[in-house]
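S.K.: Here is how the chains run, residue by residue.
Protein chains: 2
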Amino acid sequence: MSSSEKSDLSSEEELVQKLAELRLVSARLDVGPEERQDWTQKAQQRVSQYLQDLPNSKVLGDGDQQEIEEAVKAVLPITEEPVSFDTALESFCSSVGDHMLMREGHPNYFAYVPGNSLYPSAIGDFLAAAFNPYALVSYACPAAVQMQHSLIRWVAGLFGYPESCAGNLTSGGTVGNLIAIATARDAKKLKAKDYHRCVVYLSELTHDGIGKVLHTIGMGEAVLRKIPVTERFGMDAEKLDEAIEKDTKEGLIPFAIAATTGTTDVGSVDPIAELADVAEKHGVWLHVDACYGGFFVLCDSVKHLFKGVERADSFTCDPHKGLFVPFGAGLVLVRNWKQLLTSNRRTPVSTLQDRPTFARQLNPEDLTFEQSTHFRAVRVWLPLQVFGVGTFRAALQEKLYLSQYLYHKLKAVPGLFVLEPQLSIVLFRYEGVPEQQQQQGCPAAEVNLRLLAHVCRDGRLFLASTTVLGQTYLRACVLAFRTHREHVDSLVAAVTDGLKQLLG
Amino acid sequence: MSSSEKSDLSSEEELVQKLAELRLVSARLDVGPEERQDWTQKAQQRVSQYLQDLPNSKVLGDGDQQEIEEAVKAVLPITEEPVSFDTALESFCSSVGDHMLMREGHPNYFAYVPGNSLYPSAIGDFLAAAFNPYALVSYACPAAVQMQHSLIRWVAGLFGYPESCAGNLTSGGTVGNLIAIATARDAKKLKAKDYHRCVVYLSELTHDGIGKVLHTIGMGEAVLRKIPVTERFGMDAEKLDEAIEKDTKEGLIPFAIAATTGTTDVGSVDPIAELADVAEKHGVWLHVDACYGGFFVLCDSVKHLFKGVERADSFTCDPHKGLFVPFGAGLVLVRNWKQLLTSNRRTPVSTLQDRPTFARQLNPEDLTFEQSTHFRAVRVWLPLQVFGVGTFRAALQEKLYLSQYLYHKLKAVPGLFVLEPQLSIVLFRYEGVPEQQQQQGCPAAEVNLRLLAHVCRDGRLFLASTTVLGQTYLRACVLAFRTHREHVDSLVAAVTDGLKQLLG
Chain A
498 MSSSEKSDLS SEEELVQKLA ELRLVSARLD VGPEERQDWT QKAQQRVSQY LQDLPNSKVL
558 GDGDQQEIEE AVKAVLPITE EPVSFDTALE SFCSSVGDHM LMREGHPNYF AYVPGNSLYP
618 SAIGDFLAAA FNPYALVSYA CPAAVQMQHS LIRWVAGLFG YPESCAGNLT SGGTVGNLIA
678 IATARDAKKL KAKDYHRCVV YLSELTHDGI GKVLHTIGMG EAVLRKIPVT ERFGMDAEKL
738 DEAIEKDTKE GLIPFAIAAT TGTTDVGSVD PIAELADVAE KHGVWLHVDA CYGGFFVLCD
798 SVKHLFKGVE RADSFTCDPH KGLFVPFGAG LVLVRNWKQL LTSNRRTPVS TLQDRPTFAR
858 QLNPEDLTFE QSTHFRAVRV WLPLQVFGVG TFRAALQEKL YLSQYLYHKL KAVPGLFVLE
918 PQLSIVLFRY EGVPEQQQQQ GCPAAEVNLR LLAHVCRDGR LFLASTTVLG QTYLRACVLA
978 FRTHREHVDS LVAAVTDGLK QLLG
Chain B
498 MSSSEKSDLS SEEELVQKLA ELRLVSARLD VGPEERQDWT QKAQQRVSQY LQDLPNSKVL
558 GDGDQQEIEE AVKAVLPITE EPVSFDTALE SFCSSVGDHM LMREGHPNYF AYVPGNSLYP
618 SAIGDFLAAA FNPYALVSYA CPAAVQMQHS LIRWVAGLFG YPESCAGNLT SGGTVGNLIA
678 IATARDAKKL KAKDYHRCVV YLSELTHDGI GKVLHTIGMG EAVLRKIPVT ERFGMDAEKL
738 DEAIEKDTKE GLIPFAIAAT TGTTDVGSVD PIAELADVAE KHGVWLHVDA CYGGFFVLCD
798 SVKHLFKGVE RADSFTCDPH KGLFVPFGAG LVLVRNWKQL LTSNRRTPVS TLQDRPTFAR
858 QLNPEDLTFE QSTHFRAVRV WLPLQVFGVG TFRAALQEKL YLSQYLYHKL KAVPGLFVLE
918 PQLSIVLFRY EGVPEQQQQQ GCPAAEVNLR LLAHVCRDGR LFLASTTVLG QTYLRACVLA
978 FRTHREHVDS LVAAVTDGLK QLLG
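Chains as they are written, first to last, in the working numbering: chain A, 498 to 1001; chain B, 498 to 1001.
One thing to keep in mind: the hints can contain errors.
To be verified - Under the rule of at most 27 Å between Cα atoms (straight-line distance), these lysine-lysine pairs were calculated in the DSS-like manner:
| id | chain 1 | residue 1 | chain 2 | residue 2 |
| --- | --- | --- | --- | --- |
| 1 | A | Lys-688 | B | Lys-688 |
| 2 | B | Lys-688 | A | Lys-690 |
| 3 | B | Lys-688 | A | Lys-686 |
| 4 | A | Lys-743 | B | Lys-570 |
| 5 | A | Lys-515 | B | Lys-690 |
| 6 | A | Lys-690 | B | Lys-685 |
| 7 | B | Lys-690 | A | Lys-688 |
| 8 | A | Lys-515 | B | Lys-570 |
| 9 | A | Lys-686 | B | Lys-746 |
| 10 | B | Lys-723 | A | Lys-686 |
| 11 | B | Lys-539 | A | Lys-539 |
| 12 | A | Lys-685 | B | Lys-539 |
| 13 | A | Lys-690 | B | Lys-723 |
| 14 | A | Lys-685 | B | Lys-835 |
| 15 | B | Lys-800 | A | Lys-515 |
| 16 | B | Lys-743 | A | Lys-690 |
| 17 | A | Lys-743 | B | Lys-539 |
| 18 | A | Lys-835 | B | Lys-835 |
| 19 | A | Lys-746 | B | Lys-688 |
| 20 | B | Lys-570 | A | Lys-690 |
| 21 | A | Lys-570 | B | Lys-835 |
| 22 | A | Lys-688 | B | Lys-746 |
| 23 | A | Lys-688 | B | Lys-685 |
| 24 | A | Lys-688 | B | Lys-686 |
No lab work stands behind these hints: they were computed from the structure.
Given the sequences, and given the hints that come with them, work out the whole structure.
M.R.: Okay, structure coming up:
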């Protein structure tokens, strides 16, 4: 044994000693069966209590400054020493759990697009994280890829998309829209020097997120062309046609139409079949944002509104909206899978080359710009299993009818102007403001905002307002699965009461 | 009562009847307390069994075609009718759970960058989904924002980042890198017409994902300039300086340096302080990708390698690598929060305007291109609480020492050339291939790939290979928290045995 080997051995002995010490500490990360059971049970109990109390708690916190500061402080800081699981759970519950100023999934949440918290999704996330497969390549976990694949196929089938499509689960609609528009950019082989001449066509009611998407994909200089809507609030196909012709003549590059089936503001549906005709005529990419409204395609009463979506080049919808799944579940489809692949496949990897070719399925990592994500499919797949599509169909149909019901009830209130809903968003405003009040500096918009404040005043109901074509409306979006008739009744009562108080 | 009112009422009666029917079905989505408890308990038991069996199961499935097909088929299709929770859980476990061809978090997973499955993260995801706060704006849930905020601050503090920084939790490193480089693009006010003249500087060992990131943000035409590495595999700062000067002279626009602290291939660390000097000299954005290696900053033995990171303009790291969190947890920091805000803030929203101004904290949604994501903070925060930073510190130090230990053990094997690890990746190759064998058409690279196949042959160990500067190596990455000395010993034994078999 040479002296150099001795020195190595001595260093090795030291290492072995240190390793033994560190192992004792680091092995704590490998939580044992009793703790796993105990921790899960405690978390489950707190969640269950929250859900039990939800319908009788406020949907909207009052935002008292001191209370909020205390909640924020209750989030334990990160420290060298551990705390007990009970302490950590208590910190979570007393900060986040008790102080959700907006309680998503509450039956009286009628604002924005309600979030929901399907319980099996929570178990799905638990399973996904605990097993932790790498779900983005078939050769790591083919069944995980298959689960994502079957979800995407199912959604494609709902809209009559062809077998040639491919898609992705995303964190939400914006990333879905981003993937779609980036794919359009690449399919049209646009060069950066021309980005400023590229035109994306929207309607006046298209979600403003599309501008952010363009910015992110490097096309912030592109032209956003707002096309007027018809009286049913859909994009006017004739005016779109004219705009594209005009732009082409002027040397611009019309490259994408961003249509919506279920606008966030009004819940209106663009006439997709007509837009598809225009898109085909001019060779422009047609993208359909169905984030809010897409899953209403399950309902017979409105299925016809989605006609033509199967002709769109790309499509997004949000299971975390229309399927009541918690935040973090979007879905994007591209009609021609080759375009999605071309836009997203990584250049051949020269290193780490032991990636078996397992080409029976497309690998999700080749169809998105993300490389690693959590296994998002389970949180959607598990609820679909344990409830069956029929239950979702019924719940969505109920929301549509509840909106009709709300429409009828509000229309019966003197002075209220109400827009008949196409999907589950009801817009209304009070138009009976006496001239005297208006002259005293209280215009109609102001009265309506006061009415809104009155309805939301005690936190038991949560509505939003919106401005559509220059008019201010109160806006009720019915999309919480816990919302039933009595909740809509309480909304109508609050509006009636509010009007009495304001005008009395 | 007019006839029109009658007709309304009659329609309303019909609606009320339908609503009552649909409610009965849709109310199934609101799972009751007994079911919640039962389902969670069953999911917990299956997870616990998986984790119990993990160390004694194979890390690498054999990928038998029939077995895989059966696993894929075991994923239940989506159907109109529900199945029982037990059936759905069984489907999940027998498809995904039993057929993870690569078992992430297995103590013998030495390939790629090991995934992990810290149990409290799974509970964190469960809590996040079940409570489902909208965690992207303060006025929806200030404590959720605070939890994210405190995580970001903690990471910033580890690297000495100034208070002026801001950041985000992302789905993983790629999205972190995307946000960083898009922020650089916007901070440098680059115009699309100049994208093709923009240069990003990498080293020969920089992860190839950066090309994909550039493509996604619209800069696919930008120039990727590979700078040679020094003998310690770090980017050569002098050569970088020269390249930037040359490019500037030639009319190109050097705009970003993509440095790495912990390359995926070698685990080498770029000399950030030296690169920061060059970046400052030329006014070029310095981005540091610390996805794999970042959290080793917790360890005294390698802390010095991260010197200078505090001077970088942006930075990414992956809790789902260095903190053993399941897939789906990345983090990006931008030194100057205003740049991140400018790059990501949405244009003022004209509709849905009832968003209270609650400006005490930056709203996460203004700091990322995403609009809705799941509440990612809990899966990182909860493990940090219940284990304390000290436990992570010990576990990471153990991985570093295990790599040193592996290095020493392999170096003692005759014929093996071993690279001394900087962090926790050990590269080695057999160099003693007899000339006779080489002449018989079995060059050194081939022998090494056969050795790799031998080591991985029975699925009890999982290594990768890589090609670095033209040489093929076997590559062991030690980053599973369950990996301890005996697992490294078994790796060494398998290599020794493999060599005997191949050369015997």
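S.K.: Identify every previously stated hint that the structure contradicts and give their numbers, smallest first.
M.R.: Of the numbered hints given earlier, those the structure breaks are 4, 5, 8, 9, 12, 14, 17, 18 and 20, listed in rising order.
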